[in-house]
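K.L.:
This is what each chain is made of:
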Amino acid sequence: MQSANMFLKKTVRSCVLPFAAQYGMKKDLFPLSRTLSLSLCLKQDNSCKPSEKLDLDAWKKVMKSGLHEEVREMVSEPQEPSSLAAAREILEMWRLAGRLVPENISEEQLKTFMECPSKSAKRKYLKYLHLKELHKKSDKRKMDEKRERRLEAQEQASKMDETKKSSFICMWSNSMDKAYNWRAAQSMIFGQPLVFDMSYEKEMSVREVTNTVRQIVLGEGSNRRSVDPFHIHFCNFKDNSLYHKEFIKHYREAWGKLLITVTDQCYTEIFPKNKLIYLTADSPKVMKSFDHDKIYIIGSMVDKSIKTGVSLARAKRLGLETAALPLEKYLLWSTGAKNLTLDQMMHILLTLKDTADWKKALEFVPKRKYCGFVNRPVQELKKSLDLINTLKLGKRREEVQKQFAKNYSKKYKLK
Amino acid sequence: VQPPEKPLQPEEWNKLREDFQSPEIFEEVMFNSMIRCNSPIDVAKSLLSHLAKRNGDISYSVLVKYLTLCVQQGQVSEICDVYDIMKVRFKILESGAYNLLIKGLSNSDQWRMALTLLKEVKKIMIPSRTCYESCIKAASRHQDMKLAFELYNEMLAKDVVPTLDVLQSFFDFSRGMKDAQLQKELFAILLYLRDNQIYPHKTFMWSIKLWFESIPGGNWRGHLTNIKDSGQCPVCNHQLEDSNLTEEEYSNLSERIIRDVIHGTDTFRKTSPQEFEAFQTFVENRLPFDIVIDGLNVSHIKPKKMQCENLYDAINCLAKENVRLLVLGRKHMLINSSNWKREIMKEMQNKADFFFAENISEDDAFLLYATLRSGKHCKFVTRDFLRDHKACLSDSLTRHLFRKWQRGHQISKKKCFSSVFSQQPAFRYDCVVQTTGDTWHIPYKDVFEEKYSYRVPRKWLCIQQKL
Chain A
1 MQSANMFLKK TVRSCVLPFA AQYGMKKDLF PLSRTLSLSL CLKQDNSCKP
51 SEKLDLDAWK KVMKSGLHEE VREMVSEPQE PSSLAAAREI LEMWRLAGRL
101 VPENISEEQL KTFMECPSKS AKRKYLKYLH LKELHKKSDK RKMDEKRERR
151 LEAQEQASKM DETKKSSFIC MWSNSMDKAY NWRAAQSMIF GQPLVFDMSY
201 EKEMSVREVT NTVRQIVLGE GSNRRSVDPF HIHFCNFKDN SLYHKEFIKH
251 YREAWGKLLI TVTDQCYTEI FPKNKLIYLT ADSPKVMKSF DHDKIYIIGS
301 MVDKSIKTGV SLARAKRLGL ETAALPLEKY LLWSTGAKNL TLDQMMHILL
351 TLKDTADWKK ALEFVPKRKY CGFVNRPVQE LKKSLDLINT LKLGKRREEV
401 QKQFAKNYSK KYKLK
Chain B
1 VQPPEKPLQP EEWNKLREDF QSPEIFEEVM FNSMIRCNSP IDVAKSLLSH
51 LAKRNGDISY SVLVKYLTLC VQQGQVSEIC DVYDIMKVRF KILESGAYNL
101 LIKGLSNSDQ WRMALTLLKE VKKIMIPSRT CYESCIKAAS RHQDMKLAFE
151 LYNEMLAKDV VPTLDVLQSF FDFSRGMKDA QLQKELFAIL LYLRDNQIYP
201 HKTFMWSIKL WFESIPGGNW RGHLTNIKDS GQCPVCNHQL EDSNLTEEEY
251 SNLSERIIRD VIHGTDTFRK TSPQEFEAFQ TFVENRLPFD IVIDGLNVSH
301 IKPKKMQCEN LYDAINCLAK ENVRLLVLGR KHMLINSSNW KREIMKEMQN
351 KADFFFAENI SEDDAFLLYA TLRSGKHCKF VTRDFLRDHK ACLSDSLTRH
401 LFRKWQRGHQ ISKKKCFSSV FSQQPAFRYD CVVQTTGDTW HIPYKDVFEE
451 KYSYRVPRKW LCIQQKL
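Residue numbers (UniProt numbering), protein chains in the order written: chain A, 1 to 415; chain B, 1 to 467.
For the record, the hints were derived by calculation from the structure and aren't laboratory data.
Please note that a few of the clues may not be correct.
Straight-line C-alpha distance at most 27 Å; calculated DSSO-like pairs for lysine-lysine [to be verified]:
(1) B/K390 to A/K338
(2) B/K202 to B/K228
(3) B/K122 to A/K119
(4) B/K123 to A/K122
(5) A/K127 to B/K123
(6) A/K60 to B/K91
(7) A/K285 to B/K341
(8) A/K122 to B/K119
(9) A/K122 to B/K91
(10) A/K119 to B/K158
(11) B/K331 to A/K288
Whenever a hint applies, use it, and build me the whole structure from the sequences.
P.N.:
Put into structure tokens, the structure is as follows:
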């Protein structure tokens, strides 16, 4: 062993090193650099020559000399309760260590951070804040660039200085709003009701409620812009609930002027029970067609920690009919949960209402969740799925069947 | 990038940096690859000196990376220097740096300093388990068992879970010591294993065995063995604890299953109150059963056979011994179809009691309820591991109880394609670390990693005291 080592050392010294020195350590010498790294541990003894010239501990002196200013800076920080200040300090150190931590953090966020029950919860929250900060920054940068471009364009336009004649005054967005509101107002009298069930606040975390409200706001927007809007009802809506607060954050003063019905009553008190259909992904019944006489209910809930059967339970309790979208019938499902976001549901229902075309409606299901559309019967689909799986995964037939039975269990069990 | 083998001059570093695609992260990448290749620290130092000269400062993350390299190579004096620099530069450090410092110092003769550092960490946060691990190992390596156990107990009090490695080191370093207090503490560790249903791996088991045998005047002897199905130890003929739950545990578990699994946050999620009530009266009128069968699960055993045939085979196989059977199913089984023939269903209903739940209800919850209500002798048949139901239980103690009960009462069929329904017997003895005072029985795993939580080890260490 000893002699082998010596031999290695010698060969390394005699042939590889001069070669390496000659060519430097560039990347195009990749096969060679591999041999170099293997021999690294032998190198310690022949590295003394250049270190004589180098002062290897110079950095320590530099680091120790610069400390007085740093200490003084620490003192002049704004006063905060000690625990918060300590948390802020830890965050600062994490940021220095290169973790995903926001640069600026408000006192409120800091308190939320400290209330996180576990280390991983803390880490996740910080990452969330960090990403939010990054988005905000890049948005701001884009806005600035846009403004500059616009100013430039205006300058150029003012040089041209020739107003075009047109029979309309340029007030499109304003008049569009009026038209939309007119339609929404009509829908409040003649439109088909669509209910959002706002009774899931207890099942959700604060962030989930925020996401829910955001999705509803998006959904409401697309409803307003549609040709024939729904008459939206927010049922079981409690004043001063988290939902309410979030809505006000989004709509501000427009909240009072929205052309929708908001009530703390339950949908069963407003509408006849036999007309109600609760839409839930857990429902054993699959929706065949869109019924213009029914009132569809959507649970206003985002469940990141997939809670199966919560909305189905609610419908069962009230003895309501339930339905799920026929996702498996029309789409070759690949990944992801079958529950869709509220704005996607809104798009799908609006399209169904206008066209009764499932294919068109299900275009709004995110593309990553399915491989393609199917119009063939299930048996045929099963065959092709079988084939795909055997080709792709080399799975045995039985396993594939089992998988299929799991995916389509409802149909087979519930003859 | 490949780190250089020798310290470089500033000019050379500059050149390397310029040649690199993105010079801003050059230092970071270079240090990472130095850590990966375990480069000599002189090289790292030369880069640090270059950095210090250029910027007049070295960032915290680079310092931590340098520290990683020093710890990796056990360069104690460097570790101390870096700590001195960090201490004056920063008011506090973050957990990564503390972990490294403590790990580095605890392996040296400066290990007392690691303890002071640990105290410092405690002021600002809960130390990580690696911190505790390093300190405990250092203390026990220097035969300061009292301190080691102090730290260990402190760790448990803070809900920091010790690694098996730490527990093993206690046994390794206490070998040959005669100290009643110490012995008590080590027994406590074994009981900790028992309470948390942890099984030591093979090397850990050897440490335990060697420690027992090394106690001066203890006369302990250890043997490796397999326990018979009857639960008797072949070495000392001692009968292991049986897998039955105590009365209190049993009633506790039934209560919790009804509360957490069946009702949960909303009874409507798994069943409905009317249905559950109907099921309850059904069960109460026919108690007690001997075996409860999950009809749908059993009916899927052989995919080539008709589903009702599978169920029929299973019922025939179990009904022979004149036991009272309950089969749980769903209403759709009653509708004549290609998989469920009405005549066969009728015949089965003569041999066993059937309860049909709504098609959208969960029959597993009913299975658990009926089995628990029938009493301790009652077993149940399903291939399901019931993991999702275990997960509904809110605390780990009840989950352990559930697992224990499940081991003792679940009959699941082996992987088989033969025509006979063969059954795997439920365990009669309890698979945990156990003692009678002058004997210890310790189950152990052959492999280090635990793959399946439902799988229990079959190999045991038997230790007995010859007086």
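K.L.:
For a C-alpha distance cap of 27 Å, please report whether B/K390 and A/K338 respect it.
P.N.:
It holds: about 25 Å lies between the C-alpha atoms, which stays within 27 Å.
K.L.:
For the pair supplied as a hint, B/K331 and A/K288, is the alpha-carbon distance within the 27 Å limit?
P.N.:
holds (24 Å)
K.L.:
Is the hinted pair A/K127 and B/K123 satisfied, with a Cα-Cα distance of at most 27 Å?
P.N.:
Measuring from Cα to Cα gives roughly 25 Å; hence the hint holds.
K.L.:
For the pair supplied as a hint, B/K202 and B/K228, confirm whether the alpha-carbon distance does not exceed 27 Å.
P.N.:
holds (20 Å)
K.L.:
Given the hint that A/K122 pairs with B/K119, does the C-alpha gap stay at or below 27 Å?
P.N.:
Between A/K122 and B/K119 the Cα gap is close to 23 Å, so the pair holds against 27 Å.
K.L.:
Assess, step by step, whether the Cα of A/K60 is no farther than 27 Å from the Cα of B/K91, and give holds or violated.
P.N.:
Judged against 27 Å, a Cα distance of about 18 Å means the pair holds.
K.L.:
Within a Cα-Cα threshold of 27 Å, do A/K122 and B/K91 meet the stated pairing?
P.N.:
holds (22 Å)
K.L.:
Mind checking the alpha carbons of A/K285 and B/K341 for me, to see if they're no more than 27 Å apart?
P.N.:
holds (24 Å)
K.L.:
Does A/K119 pair with B/K158 here, judged by a C-alpha cut-off of 27 Å?
P.N.:
Holds, because 14 Å separates the two Cα atoms, which is no more than 27 Å.
K.L.:
Against the 27 Å threshold, does the CA-CA distance of B/K122 and A/K119 hold or violate the hint?
P.N.:
Status holds; Cα separation ~15 Å.
K.L.:
Is B/K123 close enough to A/K122, meaning Cα to Cα at most 27 Å?
P.N.:
Holds, at about 19 Å.
Violated hints: none; the structure is consistent with every hint.
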